[in-house]
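Position one of the sequence shown corresponds to residue 1 (this note's numbering), numbered consecutively onward.
For the record, the hints were derived by calculation from the structure and aren't laboratory data. No residue lacks a Cβ here, since even glycine has one placed at the ideal position from N, Cα and C. Careful, some of the hints might be misleading.
[As the list claims (entries may be wrong)] The calculated label-pair distances, taken between Cβ atoms and stated as ranges, are:
hint, residue 1, residue 2, range
1, L88, D143, 26 to 32 Å
2, S34, I62, 43 to 49 Å
3, G89, V125, 34 to 40 Å
4, L24, S78, 23 to 29 Å
5, L88, R122, 17 to 23 Å
6, V82, G56, 30 to 36 Å
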Amino acid sequence: MSDAPQDRAPPDRAGLVIAGLLALLAVVLVWDASKINAVVTYGMGPEATPVVIAIGLGILAIANLIDAIRGNLPPRESADPVAVWLILGGMAALIAIIGVGGGFIPAATVLFVATSTAFGRRAVVTDLIIALVLTTLIYLAFDKLLTLSLPAGPLERLF
1 MSDAPQDRAP PDRAGLVIAG LLALLAVVLV WDASKINAVV TYGMGPEATP VVIAIGLGIL
61 AIANLIDAIR GNLPPRESAD PVAVWLILGG MAALIAIIGV GGGFIPAATV LFVATSTAFG
121 RRAVVTDLII ALVLTTLIYL AFDKLLTLSL PAGPLERLF
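Construct all of the structure, not just a fragment, from the sequences and the given hints.
Structure follows, in structure tokens:
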């Protein structure tokens with residue numbers, strides 16, 4: 001038997017934090033699902049889906065914890081702060097546009113263009129057209145086919 005130190009990577013602190021946050025989110029989901037007061041005469045109730053998602057998050061937390069302890073997580077790339085701010089700005093714009101009654105189509109279009117710009121694409125007019133077509137199709141699919149309502153603004157009321 002050898003007492004030589006092993007060449008092991010130290011535990012990844014960020015990986016440990018992520019594992020803890022995943023586990024915490026799983027616990028919150030289970031706790032929140034337990035508070036749903038639904039009377040179901042047969043089958044599963046509405047609390048089943050959050051519990052299934054919580055189980056998946058728990059499995060991810062355990063796997064991440066193991067990899068973090070072993071030091072097996074891949075090295076992280078540096079983040080481009082401009083790209084991060086573009087995506088966050090697009091999300092803030094989405095919330096603001098929906099909040100003032102602008103509707104889903106323009107809000108999601110702004111988010112799409114901001115995200116594509118953050119990923120390095122510079123064809124803003126083309127992205128704007130693509131986004132308008134895609135978000136309109138998504139809105140129509142939800143509204144007409146699935147009869148689920150997305151936030152409606154002046155543009156959506158034309159349909």
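Checklist entry - So which hints don't hold here, by number, going up? => result Violated hints (numbers, rising): 2, 3; every other hint is consistent with the structure.
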